[in-house]
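Novice: Modelling step: build the complete structure from the supplied sequences, incorporating the hints.
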Amino acid sequence: MIIEGKKKIWQEYQKEIADDHYFYVRSCVRQNFFPGSEKAFLRIMQEELGKDVYENAAHTTCSGIGYHSDVVPFDTAMTVIARQFALMTESGYEHFVTSCITSFGLYSEVLETWKHFPDVLTRIRGFLKEATGREFEIPRNVAHASDVIFRFRKEITARGKFRLVHHQTGQPLRVVEHIGCHYSKMFPSKGVGGAEYPYVLVGMVEEWGGEVIDYPERRHCCGFGFRQYVVRANRGYSLANSKKKFESMKPYKPDFILTNCPGCPMFFDRWQYTLSEMEGVTYGENGEGIPVLTYEELAGLILGYDPWDLGFQVHQVPVEPLLDKIGIPYDPSRKFLGKEGQDLGKPASPTVLKFF
Amino acid sequence: MAKTIVVIGGGVAGMTAASRLADLGEKVILLEREDQTGGHLRQWDRLFPNRRPGYEVLDFLMENLEHKVDVRCNQGISSVSQQPSGFSLELEAGESLPCDALLLATGFDLFDAHKKEEYGYGIYDNVITSADLEMMFRSGQKITTRQGDAPSRVGFVHCVGSRDEKVGNLYCSKVCCVTGVKQAIEIKEQFPGAEVFGFYTDLRMYDRHFEEMYYEAQQKWDINFLRGRVSECAENQDHTIVLKIEDTLTSRPLKMTVDLMVLLVGFVPSPETLRLAAMLGIVVGEDRFLEPVDEHTRSNFTIQPGVFLAGASKGPFSISNAIADAGEAALQIHEYLRTL
Amino acid sequence: MKEFGYKVHKERLIDYDKNDKRVLEHLKKHEPSVLTCIACGSCTATCSAGQFVDFNIRLVQTLLRRGEIEPLKKEVQKCMLCGKCILICPRGVNMRNLILAIQTAIDKLK
Amino acid sequence: MISFNLFVLPFSLGLIYLLYMIIRWWSIWIRGLPAEDQKKFRTGIFSRNFFSALKEVFLESLIHRKMFRRNALLGYMHMSFAFGWFLLILCGNIESRIYSTTHVNPPYYPIFLKFFIHDRTVLWFEINTVPGFFRFLMDFLLLFVLSGLVLAMVKRGRPKWFGMKRTTHHQLTDKVALICLWLIFPVRLIAESFTDGYYGAGGGFLTQHLGNLMVLIFHESSRHIAYALWWAYSLLLGIFFVTLPFSRFWHIPSEVLLIFFRQFGITAKKSTTSFTEVEIGACSRCGVCIDVCQLGYAAHIHDIQAVYFLRSVRDEQVNRDILLRCLVCGRCQEACPVGINADSIRLIERNMFSGSHASDFTYLPADPPQKAPVLYFAGCMTHLTPAIIRAMKGILKQAGVDYLFLDEKGTVCCGRPIMLSGKYEQAEKLVHFNRELILQSGAHTLVTSCPICFRVFREEYKLPIRVMHHSQFLLELIKAGKIPLQAFHRKVAYHDPCDLGRGGQEYDAPRELLAKVAELVEVPQDGEDSLCCGGSLGIYTISSRKRDLITHDALRNLTASQPEVLATACPLCKKTFSKHAEIEVLDIAEMVYDAMPE
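Chains as they are written, first to last, in this note's numbering: chain A, 871 to 1226; chain B, 5 to 344; chain W, 50 to 159; chain S, 435 to 1032.
Hints may be right or wrong, so weigh each one.
Claimed, not checked - Derived DEER-like restraints, expressed as beta-carbon distance ranges:
(1) W/Asp-156 with S/Glu-962: 48 to 54 Å
(2) A/Gly-1079 with W/Lys-56: 27 to 33 Å
(3) B/Lys-146 with A/Glu-1087: 44 to 50 Å
(4) A/Ser-1118 with B/Tyr-219: 49 to 55 Å
(5) B/Lys-7 with S/Arg-990: 41 to 47 Å
(6) B/Gly-152 with S/Arg-990: 43 to 49 Å
(7) A/Val-1100 with B/Glu-215: 41 to 47 Å
Keep in mind the hints are simulated off the structure, nothing from the lab.
Where a beta carbon is used, it is the ideal one built from N, C-alpha and C, also for glycine.
Specialist: Take a look at the structure:
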């Protein structure tokens, strides 16, 4: 690997990211999949960094899932998005931040469309006005939440309590990063580092002391692919794609997988369990899986948040081995206790995958 | 005393070298077996890649010869031998011609398509060679089938007699690919509604403007290229031709009826070249073309001092390459004559 | 093992690194003419069997080179060994021995 | 009084062993015959065929008639050994009976007679008729055998005098047996000479004079030398007998049995029977097949000829190369002095070697053909020589033949090519398919342009209709006056395709046909001795370069008389020759077509 070559590409794909006053929109699915992540983002931004992040209770889905599943027409999607912008404009914000990668992709797509086809914009303004009576301004800056964390990675380091090194050996941890397809594959210029060698997660890992590993199937899809998972008969296809990635990364002995998309961590995490049940295979060491983290979870760990507050208890692949490597203290007995300390009940153990 | 150089062969290479040598002040005799110079170029209607008329180049070469070179047509050579100083040619007319240096610009023959019996040349009415087609273009008449009809579908068969162990020719003839593309376009120029197909194994668009012409053939003229070598063909009752290939890109055998099947025949060494080479002791390669001393650095020299090579006696050449090669040969001979 | 109602899909790609090249090695030794194929397809075009069935003797050589043993096994069974392809091949590939030698080599794998 | 000495033991034990082996194997072979052949054998023994077999044994095993036909010197060499030794044994026995005092002589007695009886001058028979008859006779016969030995030694150095270019490369057991055989008779000569010389009597013109000379040199020690030589003689015989079953000389008992089998009408089958085993045993490794093999002299492949192939079968060391590298042109079996069908044996072995691969021909199309009185089956190769098809169509149209072009749109293979690989079962599927097709057409005549198809149609299809090669059919049409022909004066050399000539026994029809349209020129090797074009489907493991060498060599033979056209009657031969021939190569159908008036 010629690192200079990568750096050259990263330099070509620099992106402007606003530094304060964000209008934040949530993902449809993340609060189910990794419920601590969005909460962690808000806590980091507001409590640690003192930034102004505003959420509007009236915001909705961007309709991206429906759009990419061919059930929502583009005009509809654009009008829904126009409404989100109207909420932003009404709240007095200009910097739009999305939690979801697919949303981010769709916002980018819509904005590019309007840029090249002003008549479409006019038409959509008309639709929105007609349907809701609202008007909107085009945001000055649209970023994905991972872009924002990327922007403040050094500030997080400064406040951090842990680094991505093995606390016993001092060796940097080995990290597989995986970018959601809609982050930069459609518009490479909209992503930090472009599409081929995206830098957004790499930058965080490097800053926090870890070592990114590049493996042959790095660019391959996580296996979600909307249609493939949504239809049960197609799930084998989804599974096969994830498997292809696991088999390719396994020889590099990664300590964890880092992601920035709602779907990718979901499938990396759950499919490791499914494959272990179906074929008896595991991809970590000693019968363990490879822990899968979102960037908010990772930032939270660096800042010393309690793992159970970050929602690690709902991961299918246990994160305890990673915590042990970094040297993050945790109380195993608290793993399945609720917010108020009530017992949530321990789930049944998987057959093959090592569970804690 | 002025030195004499005899150039054998009045085709593109021979004409070019002879006029260059004359320009350099040498005394040149150009021997041509036929009744006029020009060689194969006389048969070609238009030249690839720009489809300019062949006679333009021919006229240019002919004019360069005028008043400078002693051109002798209808001159067959019965024998040639090395003398203590230089060489001696015995002409069929009985004359003996001494000279100080020889340039073999004896060119090539076209592959005899009868040898590929499975393609039915000389058996089926509407199987012709690329040379036949060029003559038809040259005649100025519209192209027709043997039955006098305008063709509605024409197939070009690539690599006929080239790259074929079965006829003993392993080499590539280089210019048939681009000739096939050129002629396909010319068919479409005459018959915009006709379907034209090229059946190829590899398309070797090796020189400047060739690939662009291939692109034009697809984009502008809607010419179809099918990757597969024709294995055999048969004649229908209406004299159309059914040919068989494997469409290798779908991995299935394919048959197709064409009104006219054009065989893109390649180069073979001419028997005359081989006869002269044997008399002069010049090395003949495994492909039966003449072998220069060093194909990169001394490509116009033979192992016999004073005997030089230019053009297609050394293997397949395009016209532009033959002209360049012959110019270089002239310079080399000029320098050689100074050392005598 | 648990039943999920779906299975991992088999990979469709040719995994060249994992494929078995032993048959190819055997052929290189016993019928080296196989190395000279240029995939022109004239053998398949002339093939008597290929006119009726999904048999492709050119593909046999491609599968062999890729180490795709399973489809190769099926493919070689369909040859009638008539030898017409040998008369056509511009590269002198000795197809009849190719078929027999592949069968011998596949036998040896067991 | 029967004499005995310890030195007779090696001979006697060797002889017992040899007789045991012969009886053992003959009985194994006879019992190993299929039931129908066993029956033939039993009835044969008690028929007149028994005596014709004996005659054949005499002519072939002793006189070597076929060897004589090939080369007189070679024939004489073989005869002097076989017939000479036979007579030595026969006459020695008669002689020993005369001197014997008992009713049964042990076998060694006539062999070592001179050791036991030194003076035989008192014989009443000789006194009354020719004095010294037996002494002369036995010396004469020994000299007869020794002359063969001298020739055998000369043959090593000058095989050409014997009509041979190369000789067989032999194995160790062959060499041991051969050395013994060569030494037996010279040792006998000097053993007898020393004995005769020492005792001063008993020898003939050769042994007595030589013996007298020896005694002059060796004096009293001659007796001991003689004794040592008798030991040597016995030992050599013993070793020869013991090695014989493991050497090329096993051909002697095998050939005798083979002759009986043949006379009783027993033939080879498609799989190994005793008959095949006896044939394999009957190969004397004389090497005649080596010289006629084009793979050897034209393509420099020297390890697969019939003699080596048969030896590898006998030694159970058959390998893929030796099996598959053969043109199956039939030239070696045509030349074989023992008449071994090496090609059939090779196919049987290929069959056993071909493994268990199921062939998948489930795709065979099943459309029934139209009805027609005559079927024309061009054959797959002919589709690559469209001039032949054009000619046949033109001629048949001209002659008004009502025919169906059965494989105009292609068809499945006739089956012979795959049969040549030994895959009989797979070939059977193709044969069955085509046979049904042919029968459904209701035709009475099947005409093919391909000798390969022609041969398999005749040999394997068991068709109840006429099967003709187009040379035969066209000749018939011409004779019936259905094809008008123009005079045509081109010098033509005709090449016999292997499967039409040696394989189909049709040499005349093509020549007769050609004589009507052209002037046939002489070809040095033709007819039964014609050469393979090099394109053979019988061979699997050969490079195209080696094929080219064979083709070039065959062309040299065919163009020896400077013909203008090379005519053949096979699409495969035509294509093969066309690659290299400098003259036109035409099928006879094209020649006829060209000779028809416009």
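Novice: For each hint, tell me whether it holds in the structure or not.
Specialist: The hints, checked one at a time:
no.	hint	in the structure
1	W/Asp-156 with S/Glu-962: 48 to 54 Å	39 Å, violated
2	A/Gly-1079 with W/Lys-56: 27 to 33 Å	41 Å, violated
3	B/Lys-146 with A/Glu-1087: 44 to 50 Å	59 Å, violated
4	A/Ser-1118 with B/Tyr-219: 49 to 55 Å	38 Å, violated
5	B/Lys-7 with S/Arg-990: 41 to 47 Å	46 Å, holds
6	B/Gly-152 with S/Arg-990: 43 to 49 Å	47 Å, holds
7	A/Val-1100 with B/Glu-215: 41 to 47 Å	45 Å, holds
Going through the hint list in order, the structure does not satisfy hints 1, 2, 3, 4.
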